[in-house]
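Chain by chain, the residues run as shown.
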Amino acid sequence: MYKHFRLLLTTALVAATCFFSAPANADDHAQHEPKKVVEGINDAEHKIEHNLEESEKEFNIGEMIMHHIADSHEWEFTHGVVLPLPVILYSEDRGLEVFSSANFHNDHHEYNGYHLVHGDSEQIVPVDESRVIYDFSITKNVASMLISAVLLILIFTSVAKSYKRGKGKAPKGFQSAMEVIILFIRDEVVKPNVGPKYERYLPYLLTLFFFILINNIMGLLPGSANLTGNIAVTMTLAVLTFIVVHLRANGHYYKHLVKPDGVPIPLLLIMIPVEIVGVFMKPFSLMVRLFANITAGHIILLSLFGLIFIFQSFMIAPVISVFALFLNFIEIMVAFIQAFIFTLLSSMYIGSAIQEHSHADHGH
Amino acid sequence: MSLLTPNPGLIFWMLVVFLLVVFILAKFAWKPILNGLKERENEIQGALDLAERTKAEMVQLKSDNEKLIAEANAVRDRILRDAKAAADRTIQESKDVASVEAQKIIESARETIRQEQQVAVSKIRKEVATLSLEIAEKVLQRELKDKEAQQSLISELAASARLN
Numbered sequence: 001m002y003k004h005f006r007l008l009l010t011t012a013l014v015a016a017t018c019f020f021s022a023p024a025n026a027d028d029h030a031q032h033e034p035k036k037v038v039e040g041i042n043d044a045e046h047k048i049e050h051n052l053e054e055s056e057k058e059f060n061i062g063e064m065i066m067h068h069i070a071d072s073h074e075w076e077f078t079h080g081v082v083l084p085l086p087v088i089l090y091s092e093d094r095g096l097e098v099f100s101s102a103n104f105h106n107d108h109h110e111y112n113g114y115h116l117v118h119g120d121s122e123q124i125v126p127v128d129e130s131r132v133i134y135d136f137s138i139t140k141n142v143a144s145m146l147i148s149a150v151l152l153i154l155i156f157t158s159v160a161k162s163y164k165r166g167k168g169k170a171p172k173g174f175q176s177a178m179e180v181i182i183l184f185i186r187d188e189v190v191k192p193n194v195g196p197k198y199e200r201y202l203p204y205l206l207t208l209f210f211f212i213l214i215n216n217i218m219g220l221l222p223g224s225a226n227l228t229g230n231i232a233v234t235m236t237l238a239v240l241t242f243i244v245v246h247l248r249a250n251g252h253y254y255k256h257l258v259k260p261d262g263v264p265i266p267l268l269l270i271m272i273p274v275e276i277v278g279v280f281m282k283p284f285s286l287m288v289r290l291f292a293n294i295t296a297g298h299i300i301l302l303s304l305f306g307l308i309f310i311f312q313s314f315m316i317a318p319v320i321s322v323f324a325l326f327l328n329f330i331e332i333m334v335a336f337i338q339a340f341i342f343t344l345l346s347s348m349y350i351g352s353a354i355q356e357h358s359h360a361d362h363g364h
Numbered sequence: 001m002s003l004l005t006p007n008p009g010l011i012f013w014m015l016v017v018f019l020l021v022v023f024i025l026a027k028f029a030w031k032p033i034l035n036g037l038k039e040r041e042n043e044i045q046g047a048l049d050l051a052e053r054t055k056a057e058m059v060q061l062k063s064d065n066e067k068l069i070a071e072a073n074a075v076r077d078r079i080l081r082d083a084k085a086a087a088d089r090t091i092q093e094s095k096d097v098a099s100v101e102a103q104k105i106i107e108s109a110r111e112t113i114r115q116e117q118q119v120a121v122s123k124i125r126k127e128v129a130t131l132s133l134e135i136a137e138k139v140l141q142r143e144l145k146d147k148e149a150q151q152s153l154i155s156e157l158a159a160s161a162r163l164n
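Those sequence lines, one after another, are chains A and B.
Just so you know, we're using the working numbering here: the first sequence kicks off at 1 and counts up by one.
Just so you know, we're using the working numbering here: the second sequence kicks off at 1 and counts up by one.
Okay, chain B solo, but in the shape it has when bound:
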């Protein structure tokens, strides 16, 4: 049956033409087409990867920013706290200095008072001594004749002399 018997001439041409087509297409068509496809796929994959990376970076940046803000807040709080403590300390120191100064002033005032007192006492003593001498002098002068009068005078003088 001629339909089922292959014709050698056709086989020959088929081999020649088909192999030529395979080689020509492989060199001038499939190579650039497949390379182009692969390149484009790589590009798309690259772009997707880049987007993914950028997203991750954005998240990173965001968390970094949050950390920065938190740090800034902490620093601000510390500075405020420090300032307050410094102010408190300054006030306390001033208070201490003031009280010490006041104490000193009080001390020196006391000292002055004591000295004044001593000066006054010694003055009074001198005065008393002088007075006593004057009294004694007067008594001796006026009332040496009267014994009783002498005695009352002495006791009177003694009473008045017991001032200090």
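Here chain A stands alone, though its shape is the one from the complex:
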């Protein structure tokens, strides 16, 4: 019930943001005119700059929210405190290029024939429109992801060490805190859903859970990146689960797609497309669920803080802060729940693909 409400709210908010940023989008379309590209970009740039300058008087909450939940080529901890991140570009004519994003800090946001476009998300485009570039920059999200990866590795190798050291002893300290979660994932999520061959999938599913969890929680920190609320990240996770599910799926699973048991032949005309769509709907729902939940949480929190600037009153701030505190607690809960659900559904999909005989769980 709550989730549906969240999804509705997300859609409404995303729609609202669309509405707010519609003029900016209209400007974006102008960029596609091949001749006036540079001018178009510059115009759009200046308009946005202008908007940003004006925002001190006229606060645009939509822009503010989009700026906070979108990826960026530099890490802005707070207004003015900016950590430039490396930009890595690959193009066929120039090869690999690496430079600091601080180089874009000039009047035209231009460097070495590249242009940094500030839209509702940042993008590096070549000034010469005919060139094709691939952007592998260490963006704010990538940097945050690297930090979380290092943290995960440090945390769990140290936990593993205490298992080696304290062999045959009771767990203690941080080890027992992690053990509770690991055991929960193993015994309540993976074992009952994947079935007897669960041990093969346990490392992937445990990593999945802790990766989503640590990034959900890191995303709640002030000035941090919104990694699990980024569709590219959730898509990659969903696709990996899709691959893991289908890598070892048995014949029964595939047969079930083409010829479900006990279905009359005329119905197969409907059933087969439904089953095949279902196969792709599963990772799609995984992708959207995590993305929407985390992004929605961020949007709600940012909207609340935005209210302070809209009302421009110090009286409203304490009320908003109490609300935001409450929502932050809910977001911590959501961080756990979403990591749990992603892992649970992944295990169910894996379990239904490797299950021997009996009816598979379709997950709908």
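Among the hints, a few may not be true.
If we take Cβ atoms under 7 Å as the criterion, some of the chain A residues that face chain B in the derived model are [to be verified]: (1) Ser-121; (2) Val-132; (3) Phe-136; (4) Ser-137; (5) Val-142; (6) Leu-151; (7) Ala-160; (8) Lys-164; (9) Tyr-204; (10) Leu-206; (11) Ala-232; (12) Val-233; (13) Pro-318.
Keep in mind the hints are simulated off the structure, nothing from the lab.
Here the structure is a predicted model, which means the values were calculated and not measured.
The C-beta atom is built at its ideal place from N, Cα and C for all residues, glycine as well.
Following the hints, complete the assembly by docking chain B onto the known chain A.
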């Protein structure tokens, strides 16, 4: 809408970093952790099983002890019974031997008495014969003149001679 368009660069990094994390954690974290957990669970299960087994053994021992005690009691009872029977038998045997001995003594006493009697009787007979002869001699000597006196004497003698 930029929010819903995945960025290829981010996908690339995500794939690289996440797969690296999966492999590193699987090798250096999950394997030792899960093995450690399993080992500990096995140890706990083993200890519980051992306790259960020990309990069963204790019960077994207890029943064994009870059986031993019962056996010991039975043996003691049998020994006592046997001893009593042996004692009874010994007493009976002694009694029998004693009575046989007594019988024998009585027999031999009787035999001795009979022999003594026979000896006495034969002695008496001899005596009587001698007496009779002496009487007859006396009678013949003294009273052959008197017929009546002779006869009364003879009858008197005969009466006295009918002793045995």
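Hints and how they fare:
1. For the restraint placing Ser-121 (chain A) at the interface with chain B, the shortest Cβ-Cβ distance is roughly 4 Å, inside the 7 Å limit, so the hint holds.
2. The interface hint given for Val-132 (chain A) is violated, since its Cβ lies 12 Å from the closest Cβ of chain B, which is over the 7 Å cut-off.
3. For Phe-136 (chain A), the interface hint holds, the least distance from its beta-carbon to any beta-carbon of chain B being 5 Å, beneath 7 Å.
4. A cut of 7 Å between beta carbons decides the hint on Ser-137 (chain A): the least distance to chain B is about 6 Å, and the hint holds.
5. The closest approach between the C-beta of Val-142 (chain A) and any C-beta of chain B is roughly 4 Å, which is under the 7 Å cut-off, so the hint is satisfied.
6. The criterion of a C-beta within 7 Å of any C-beta in chain B is not met by Leu-151 (chain A), whose closest approach is roughly 10 Å, and the hint is violated.
7. The beta carbon of Ala-160 (chain A) is positioned within 7 Å of a beta carbon in chain B (closest approach about 4 Å), and the interface hint is therefore held.
8. The interface hint given for Lys-164 (chain A) is met, as the beta carbon of that residue sits about 6 Å from the closest beta carbon of chain B, less than 7 Å.
9. Satisfaction of the interface hint for Tyr-204 (chain A) is found here, the shortest Cβ-Cβ separation to chain B being roughly 6 Å, below the 7 Å cut-off.
10. For Leu-206 (chain A), the suggested interface contact is upheld, since its CB lies about 6 Å from the closest CB of chain B, less than 7 Å.
11. With 7 Å as the threshold, the beta carbon of Ala-232 (chain A) comes within range of chain B, its nearest partner Cβ sitting at about 4 Å, so the hint holds.
12. For Val-233 (chain A), the shortest C-beta to C-beta distance to chain B is roughly 5 Å, which falls under 7 Å, so the interface hint holds.
13. The beta carbon of Pro-318 (chain A) comes no nearer than 31 Å to any beta carbon in chain B, farther than 7 Å, and the hint placing it at the interface is violated.
In terms of the numbered hints stated before, the structure departs from hints 2, 6 and 13, listed from lowest to highest.
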